[in-house]
Amino acid sequence: MTPRTLEFELKTPAVDSSGRLIAAPLGVKRRPSESVDDDFGAEHMLVNIGPQHPATHGVLRLVVELEGETVRRVIPHIGYLHSGFEKLGEYRQYNQIVPLTDRTDYLSPMANNITLAMAVERLMGIEITERCRLLRIIAMELSRIISHLVWAGTTGIDLGAYTPFLWMFQERERVYNLQEAWTGARLTTSVARVGGMMADVPDGWEDQLRDFVNTFPNTLREVDAIFTRNAIWIGRTQGVGAISAEDAINWSLSGPMLRASGVPFDVRKDRPYLGYEEFDFDVPVGEHGDIYDRYRVRMEEMFQSTRILAQALERLRPGPVNCSDPRVILPPKSRAMSDMEAMIYHFKQVMEGIRPPAGEVYQAVENPKGELGYYLVSDGTAKPVRWRIRPPSFINLAALPKLCEGAQLSDVIAINASVDIVMGEVDR
Amino acid sequence: MTVGLPEVRSAHGDEVLQAAGDSVLALRQRFGDSIGNARESSGQLWVVIANDRAHEILAWLRDDPGQQFNYLCDVTAVEYRDPELPLEVVYQVRSLPRGIDLRLKIEMDPEGDLEVESVTDLWAGANWLEREVYDMFGVRFRGHPDLRRILMWNTYDEGHPLRKSFPLRGHRSRSEQTRNALAANPEAHYTLEELSIVEAYHELPADVRERLVREGRVAQP
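These protein sequences, in sequence, are chains Z and S. Heads up: the first sequence is residues 1 to 428, going by our numbering. Heads up: the second sequence is residues 1 to 221, going by our numbering.
It should be emphasised that the hints constitute simulated quantities derived from the structure, not laboratory data. Check before you lean on any hint, since a few could be wrong.
Stated by the list, open to error - Derived lysine-lysine pairs resembling DSBU-like cross-links, with alpha carbons at most 30 Å apart:
hint, chain 1, residue 1, chain 2, residue 2
1, S, Lys-164, Z, Lys-87
2, S, Lys-164, Z, Lys-348
3, Z, Lys-402, Z, Lys-269
4, Z, Lys-402, Z, Lys-348
5, Z, Lys-87, Z, Lys-383
6, Z, Lys-383, Z, Lys-402
7, Z, Lys-383, S, Lys-164
8, Z, Lys-87, Z, Lys-333
9, Z, Lys-269, Z, Lys-333
Next up, chain Z with everything else stripped away, as it sits in the complex (with noise of 0.2 Å):
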């Protein structure tokens, strides 16, 4: 059998990393130092997926180098979504902000929204009030619930289960019905304020949630009875895309690709806020770092998160959301106008905005793709020197070529949906 060779020429020649030109034609042809034997699989071949493609996620492009059907090299390009964000941020005041987090993370939206006012409180010593906190744990646990529930839909889209999709796809409409009462958004909540969030929850939104909380285990149990132990599920995950614990360490992995590789670090359990330590959950940790047991340590914390919205429902108490600190929160408007001091914070506020005092500040979360943290640093002004998104799925990304040394092309598909990317946070 001849050697097979395709000539192809780019339209547009290639470039180094000093921008000039390098006029190559390219050719798929097999490399001198492989010739052993003149069968298909010594071809080296380069294969294109993406940016626009269902299974990438987004848009995100692939190159892969392929040896027959095997993977030897994964080379990513991204930046298609870049708006940047932190940009815009250095010219916005800090509630400005809010609604440029949204649009990061976008399958976590309130969680986003949440941190930022966290460490712009963090950064002028601002005390909560205790329903604020526990409405801020109610958002943010069901951010990661419906962030998984989209993970593992469309991870089994990808591997061909098309029914639990829908199942899930339906829970998530119901805490996305949440969402729409609470804030009026069902994607760009902008939920959180400084000092508080943007209004109290509406009157009969609990027992909505509690029914959510009772009833949505029901359909996590069925998903895990069809994927848990299912043989196509399990030949085409366990032992595909596999990082040992070092290695996790060594990428700078987080959240659900560390634990899933045997690394027990929970913000929420290592750096506590918002009050996490006295909820009683735990943190699943995987042993394999493959792609099954990532599913695994996501099926579980959606679990725990029911438990932690239960604990808090429990809690929640009636009181004020907002706290009562005129440098952050607006005073009632009947005291801005009978009230002195009342009108000159009143009045600072709407015309200088909200300027916290010199510093720096980085504050880290739990998201439900990582560990997301917000480096803020502030020069006393109302607007921040610089707003740095520590982007959890950017860098669990950036191990992407690693996991996939090895794998067949199929799996490329898989490894990269085990990652849980959305690029909107990515690209920023």
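Please build the complex by placing chain S on the supplied structure of chain Z, with the hints as guidance.
Frame of chain Z, contents of chain S only:
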């Protein structure tokens, strides 16, 4: 707020902050003048380190059995609005076994030569983070295996977007930017790494070929 270390430790009874303060003391003992000011903000500690020994310091923090900062949380940069203040490259490191965090900063003249040594040999996770800092701030990382733009496309030539000298809406008009972005057609470009996979290798410039061979990214011809 600039404070001496003993004050930091007495002002905050917090154990984590104290452990981080101990690490800074150990750093100062070992590296002397290469360790600059240590400051505290919002209960977190950061310390300025000298650019020329930064890699050595980070390697020591990672490998010393008393320190064990084995997890690189983040690499980023900060440029202040005040042009007198230095541009900072910021490393957030964490010790998973000891449960403490530390922030290290390298200060540089924003108008000067922005170059630091890459830590990709210590933490593989630094690869993309350093590429992002290069893309957004123009800081070059010596020894980085693949220092390319990451969020902007490879032929992007307007500069580094997160620099304060870069206007919010870019240097050029909206229509020109749109034209450039459409003409960029990034799917038609392949990187050197990708070119090395197929047979285009022999047509690459000699210096590029040499680099690819040196880094073991291409089979020896």
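Hint check:
1. S:Lys-164 with Z:Lys-87: holds, 9 Å
2. S:Lys-164 with Z:Lys-348: Roughly 27 Å separates the two Cα atoms, so the pair holds.
3. Z:Lys-402 with Z:Lys-269: Roughly 28 Å between the alpha carbons, so the hint for Lys-402 of chain Z and Lys-269 of chain Z holds.
4. Z:Lys-402 with Z:Lys-348: Roughly 52 Å separates the two Cα atoms, so the pair is violated.
5. Z:Lys-87 with Z:Lys-383: holds, 11 Å
6. Z:Lys-383 with Z:Lys-402: violated, 39 Å
7. Z:Lys-383 with S:Lys-164: OK: Lys-383 of chain Z and Lys-164 of chain S at ~14 Å, within 30 Å.
8. Z:Lys-87 with Z:Lys-333: Violated. Lys-87 of chain Z to Lys-333 of chain Z sits at ~34 Å, over the 30 Å cutoff.
9. Z:Lys-269 with Z:Lys-333: violated, 41 Å
Going through the hint list in order, the structure does not satisfy hints 4, 6, 8 and 9.
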